[in-house]
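Bring the two chains, given one by one in their own frames, into a single complex with the hints.
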Amino acid sequence: MAALTSQTRQLGQLANRTARKLDINANILRWVIGIVPIALLLATWQLLVTYGDIPTYLLPPPADVFDTFMTELTRGNIAEHLGLSLNHYLMGLAWGIGLGVLLGLLTGYLAIASLLVEPVVALFRPIPPLAWIPFAIIAIGINTQAAAFIIGIGAFYINFYNTLSGVRSVDKKLIEAARTLGENPVGMLWRVVIPASVPAILTGIRISLGQGWMTVIAAEMFGIRGLGQRLMEAAGLLAMDIVITYMIVIGLLHLFMDQGFRLLQSWVLRWR
Amino acid sequence: MAYLHVDRLSKTYESNDQPVHAIGNITFNVDRGEFVSILGPSGSGKTTLLRVIAGLEVPSAGAVVLDGKPVTKPSPQLGVVFQEHRLFPWLTVRDNVEYGLARQGISKKERRKASDHYLDMVGLADFAGQFPKALSIGMSQRVGIARALASDPDVLLMDEPFASVDAQTRRELQDELLDIWEQTGKTILFITHSVDEAILLSGRVLVLCKRPSRVIRTFEIDQPYPRRETDIAFNETRREILSVLDTTRPEPR
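Residue numbers (the working numbering), protein chains in the order written: chain A, 1 to 272; chain B, 1 to 253.
One or more hints might be untrue.
[Claimed, not checked] List time: in silico DSS-like cross-link candidates among lysine-lysine, alpha-carbon distance up to 25 Å:
1. Lys186(B) with Lys69(B)
2. Lys73(B) with Lys172(A)
3. Lys173(A) with Lys133(B)
4. Lys73(B) with Lys173(A)
5. Lys133(B) with Lys172(A)
Derived from the structure by calculation, the hints contain no laboratory data.
Keep in mind that this is a model prediction, so the values were computed, not measured.
Next up, chain B with everything else stripped away, as it sits in the complex (with noise of 0.2 Å):
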């Protein structure tokens, strides 16, 4: 049995009286220590799938099963970062960085040593006593990966994290994360529009369809990391996905 299986799952909502199938059918599986890309359009519900799996959102159908254990509601086994940093702003880097491993009820001291931990790991020490206000975009989107990062979670689920940066930082944030990844060894399962993110990162990417969101194609990236865009395997694989997600699109009139 895989470490995180995503079974049969769909789902529908209600907006504006209009039944809204966010999700078809989605169906996979994601190894311990894995890093998987879910790739699709706008409207491919992905950010759904995403809230689901992270129990913030029922599902119409289907199961999401953690370690052989059904995800039903949030838990501290699976952090989440978002879109954007949501931080507390009337706490500290630090006390934010705390806050999932205080209510776990994990001693003073043991939080502060993993504050600082997690914070050294994203570089930003030195902000430690700072409220949110002081800190850029990019930082702010490191502490908040710091924060879901200390809970010590077994999946950790990203929602586009980097889509609000500007491009220079959205490479460093990438670079980092995939450091991250090495040194902690983290299940990751992260959203994404962009298929050079997709590419860059991940060992697995999963295209999606429009909704109602299927899986329609699942790609093997077995390049070495560092990957960089001007490589040639990489253009070759991204030929192969943009090619993929045209199938998405609707046929032209």
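Isolated chain A (complex conformation) (with noise of 0.2 Å):
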């Protein structure tokens, strides 16, 4: 992490130092050398398709994805899918990051909520989300329900054991602070141990929705109406363009979401 964080900071250093030698903007030639890997796959991608003698069935031209995408667009069925999945994804996270980050809390803080809670959870912590799928689809079905089960079950964890850990780690020294102010202890949870542990809350909320992510697809993808699901559907008509077009909606999605829970991230962490 540090070392990426580093070697981001030089290549930062290198675009300004470019930028001054050329007389142009740091920011603009930041994103003009950005597109160029990007320009450089699309055009791969053409000559492939112009050059390679592979059927479009298997890999449909740049342009024809572009006019599925605007069909696919302009016919609502992106927005339908995708406002099916951000349900799922929404109602997942929100009770995965939920309980995980308050029984983290109170593992973190009660010597007893520790010993009643961990065991349990490191026991069922080995299976992975998505072995939980058939559970899920027996147990409730294949339904909105049944997928926010699966979605919440990896954002549980993953949330658990970063708010645990950032409540642990929380500076002994300013609960001694806090004490020879007054505090008491249901106030220091509140204005010590929870404030210090937030960047480790943030942390997992953020790797959870990324990972969260993950699991919509999949569990849609044994037939919860949603993206993932359209995915499928169009795997079985051999539609490649539609596979690609949804598979690049996915991926923004999750960019734009990101980076927005990133700036949401630094502006919560401003005084660090």
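Structure follows, in structure tokens:
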């Protein structure tokens, strides 16, 4: 993580230096450089279609995919499936994050909660969220609740363990300082332990936003209506243009959400 | 009866299954409005002593009595300034200073008045809206002092508060502390390992020996303030204290 940050910083300095030499805005330069690999990818794709002798049902040209994208968009197919998926996603994350953070806080703060909760969580932890899909389908059915259940499972573990480690690494010196200022145990949790754990909690939420999106698509591939189900439907029709369209939709959506959350995160943690 | 009475206090704690006798047997009194320093070599249990007096640790034997009432847990009557500033990084400077007052249910208006007053006293009124990350160590320590004072404690306990700042800033902070003492008339118990700092600040210096620690000598310092290290009387006191500290050293083999 630290190495990655320092690498990013070095690249940023490189961009700044180059921009100064060429007398252009560093942000524009970074943007232009970022576009290059994407353009290369599209060009390679087009070249493969034109000269690669690959049938179009395996690799449709970019222009066709763009047309399909526009058709799916104007017909409301994207909006409809996106709406369904977001519903699963948000419901699942809501309970997974909510329960994970809550239990993580209690488990980290109260010794008795730790004795009760930790062994149970550790017992179920090795079962991957996707392994719960058959269980959910039989127990709940092929419906919204089942999808939300599966998504929430994955989010739960991530948020539970991140919150727990956040609470356990709260600086004991700050807790002591609060005690000398007359803080009570409930206020200690609310005004010291939770604020000090917020960075770890937000990291957990951000990871679960990514993993949750993955689980949504996987759960829907079993027939629960949404983007994943539309993707599988297109695969059944060998409609590669639709498949690629929805892959792009899924990718873009997560990109936007992640960037949005990053902004929120840096605003909440502006004291750091 | 003295204002703050430390009565036959001793403290033994377990460390790696080895009992450590931090405090042997310490008894002393502090009168209201006095500035008393506890001076000792490292490993003399100075910090442990302060923590017990603050109610952060339970003594193995003996008691701490403040104004006739035994101290068993931290209370707003005992303000603590730690060696590190220990400000809450997620709160602004103002909210840090008002923290203790808010816990006592003081109204927002009154808190605001108090934080303005004490931030002004430590010269940081302009930084009220900043987060602690914007402050230098010396400034953070000033906010720590303002935070401890804001609750209007009966006694201010200070654990080597100026040990981690540079020499220049330390002198400033020492002068400021004396001003604050003069303005507020607080009772101050000040832990330090610096002989000069103890003489510069306090009316009385208690010298501790290595653990299990006891008070081996008490020095009354009646030189007028402001004191300077270059004064003849200052140097005389320094020589006496150092000769006592020398006796705490283990015999050369």
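Structure-based check of each hint:
1. Lys186(B) with Lys69(B): holds, 18 Å
2. Lys73(B) with Lys172(A): The hint holds at about 17 Å.
3. Lys173(A) with Lys133(B): holds, 17 Å
4. Lys73(B) with Lys173(A): OK: Lys73(B) and Lys173(A) at ~16 Å, within 25 Å.
5. Lys133(B) with Lys172(A): Holds. Lys133(B) to Lys172(A) sits at ~19 Å (cutoff 25 Å).
Going through the hint list in order, the structure satisfies each hint without exception.
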